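When you get a sec, could you build the whole thing from the sequences and use the hints?
Spelled out, the chains give:
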Amino acid sequence: MRITCPYCNTRDLREFTYLGAASLLQRPDDPAAMQDYIYSRENPAGENAELWQHTTGCRAWLHVVRNTATHEILSVRPAREVVEDTP
Amino acid sequence: MRYSALQILKNGLTGNRDWKPVWRDPAPREAYDVVIIGGGGHGLATAYYLAKTYGVQNIAVLEKGYLGGGNVGRNTTVVRANYLLDGNLEFYSQSLKMWAGLSQELNYNVMFSPRGCLLLAHDDGQFDALARRGNANLATGDDAVLMGPEEVRAFTPYLDFDNARFPIRGGLLQRTAGTARHDGVAWGYARGADLHGVDLVQNCEVTGFKIENGALTGVETTRGFIKTAKAGMAVAGRTSQLAAMAGMTLPIESHVLQAFVTEAVKPVIDTVISFGMGHFYISQSDKGGLVYGGDIDGYNSYAQRGNLPMVEHVAEAGMALMPMLGRARQLRSWGGIMDMSMDGAPIIDRTPVEGLFLNGGWCYGGFKATPASGAAFAHLLATGEPAGYAAKFRLDRFATGALLDDEGTGARPNRH
Ligand SMILES: Cc1cc2nc3c(=O)[nH]c(=O)nc-3n(C[C@H](O)[C@H](O)[C@H](O)COP(=O)(O)OP(=O)(O)OC[C@H]3O[C@@H](n4cnc5c(N)ncnc54)[C@H](O)[C@@H]3O)c2cc1C
Ligand SMILES: [Zn+2]
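From first to last, the protein sequence lines stand for chains F and D. In terms of the numbering used here, the first sequence opens at residue 1 and continues consecutively. In terms of the numbering used here, the second sequence opens at residue 88 and continues consecutively.
Any given hint could be a false lead.
Far from chain F, by Cβ distances over 12 Å, these chain D residues were calculated [to be verified]:
{"no.": "1", "residue": "Y141"}
{"no.": "2", "residue": "H283"}
{"no.": "3", "residue": "Q289"}
{"no.": "4", "residue": "N290"}
{"no.": "5", "residue": "G375"}
{"no.": "6", "residue": "E441"}
{"no.": "7", "residue": "E494"}
These stretches of chain D come out as covered by chain F in the derived footprint (C-beta under 8 Å, 3 or more residues) [stated by the list, open to error]:
{"no.": "8", "region": "338 to 346"}
{"no.": "9", "region": "379 to 393"}
Pairwise CB distance ranges (calculated) [what the hints assert, rightly or not]:
{"no.": "10", "chain 1": "D", "residue 1": "K314", "chain 2": "F", "residue 2": "S75", "range": "51 to 59 Å"}
{"no.": "11", "chain 1": "F", "residue 1": "T17", "chain 2": "D", "residue 2": "N98", "range": "54 to 62 Å"}
{"no.": "12", "chain 1": "D", "residue 1": "D373", "chain 2": "F", "residue 2": "S75", "range": "43 to 51 Å"}
{"no.": "13", "chain 1": "D", "residue 1": "D247", "chain 2": "F", "residue 2": "A69", "range": "37 to 45 Å"}
{"no.": "14", "chain 1": "F", "residue 1": "Q35", "chain 2": "D", "residue 2": "D373", "range": "40 to 48 Å"}
{"no.": "15", "chain 1": "F", "residue 1": "C58", "chain 2": "D", "residue 2": "L395", "range": "18 to 26 Å"}
{"no.": "16", "chain 1": "F", "residue 1": "Y7", "chain 2": "D", "residue 2": "V355", "range": "25 to 33 Å"}
Honestly, the hints are just simulated from the structure, not real lab data. Model, not experiment: these values are computed from the prediction. Yeah, the Cβ is synthetic: ideal placement off N, Cα and C, and Gly gets one too.
What follows is the structure in structure tokens.
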């Protein structure tokens, strides 16, 4: 698996660290919603939106859409951009 | 047919022509009292104890592929009970006790071999943590021996004791731990369940649930609709997807775990050894292959194959611990899909759907758990109450905060 970092181009998997589902970008204000935010996961077999950090590269957080059944990378965007685009 | 030395002799002398298939291959019936989904170790064990211990009749195990084709036949077979927290402690303790008598119980040789399991420490902090863990194990009534570096050297002299980066500070040995024949466990439980009248239905994938007024009334399968008011899910890596068919979102991520085996060599490692720096553990199979593995790759996956960085990492960790490994030729590697829960501990519980029960989130520990998991799940399905030694494996612990985070690493499956 290789990930194309928007800043550093296509790099080896070793350089990246996986955090989890991209739903972590949407931290709720309502304490009652916290349990789902922290623990519940869609865990799809197919397209999954997730957060990776280019740890040994530019250290940017990336929003990656990846197929969990094939490991194919479908899109990579800076996580910040995704947050800014989310209403 | 019950196996005995006489049977082997008789069949051996008559050209082995009279052995019968070990279990039937029935088509699914229209309705069952209890349906178990998933013909892995846990599903088969559950069906066995439901029929045997609780006298439930009319049970089916529905398996989408063939029996034992999932993780139960892909794991590295380590069986141990050296966990840390209440909840995990009593459960794995119960399981280890069941392992000791499993071949007799099933009249089937599961080749359980209590050859010991040694966890290593490489600094003072780790050594203190092992002492604490060992005390927890002793307090549970399990076996634990804390060893200094010289005792470890006497026990496993072939480790790299002079490693400048990861010196061996000591270890925690559990003598009653060991390994078993994974396929044998699946086959033994399958045969036992079949002998007690359980229908083991293969090539039968559950594709949906029929739920009326919040209660289960049946399951949709690739071999037609099956009526049942009670079903237990035991599908390991596929747990999230199956539960989603019942409208549930679970605290589980599916990850790939790889394992490796070398060509067969003469007996050299007579125990199970776990490196304390980087996740690496190794044992030797009865065929002679060195069997080892490490961490999950670390990202969600249903691909049943991993990537090269983890192959490299595991090889590096192995070489740091045991340089002689470099002389062995690695034969195969493979992957399995693990149901990683968000706190690293399993779930055996009812669900919000009346009649639908959940067994999942087994992470790295699901093979050693097989006997107790089957017995506990059967208890829950039969009586509606959790078995005492599995009472903390609740689904609502993620809401109540009564988490079982043995590694203390938080809601990060790739840190467990
Ligand atoms: C490489 C590797 C090494 C491991 N090493 C160890 C170890 O050393 N010690 C240890 O304790 N644990 C270990 N484990 C973990 C252990 O193997 C698993 O936790 C355990 O086997 C899971 O339970 P199971 O046996 O019931 O799963 P499985 O054997 O995977 O059974 C689940 C079954 O459900 C079926 N299924 C899925 N979806 C459906 C559906 N919709 N309908 C019908 N059937 C379905 C699958 O086909 C499968 O056969 C390891 C796992 C892996 C992958
Ligand atoms: Zn980068």
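Which constraints among the numbered hints does this structure fail? Numbers only, ascending. 10 and 16
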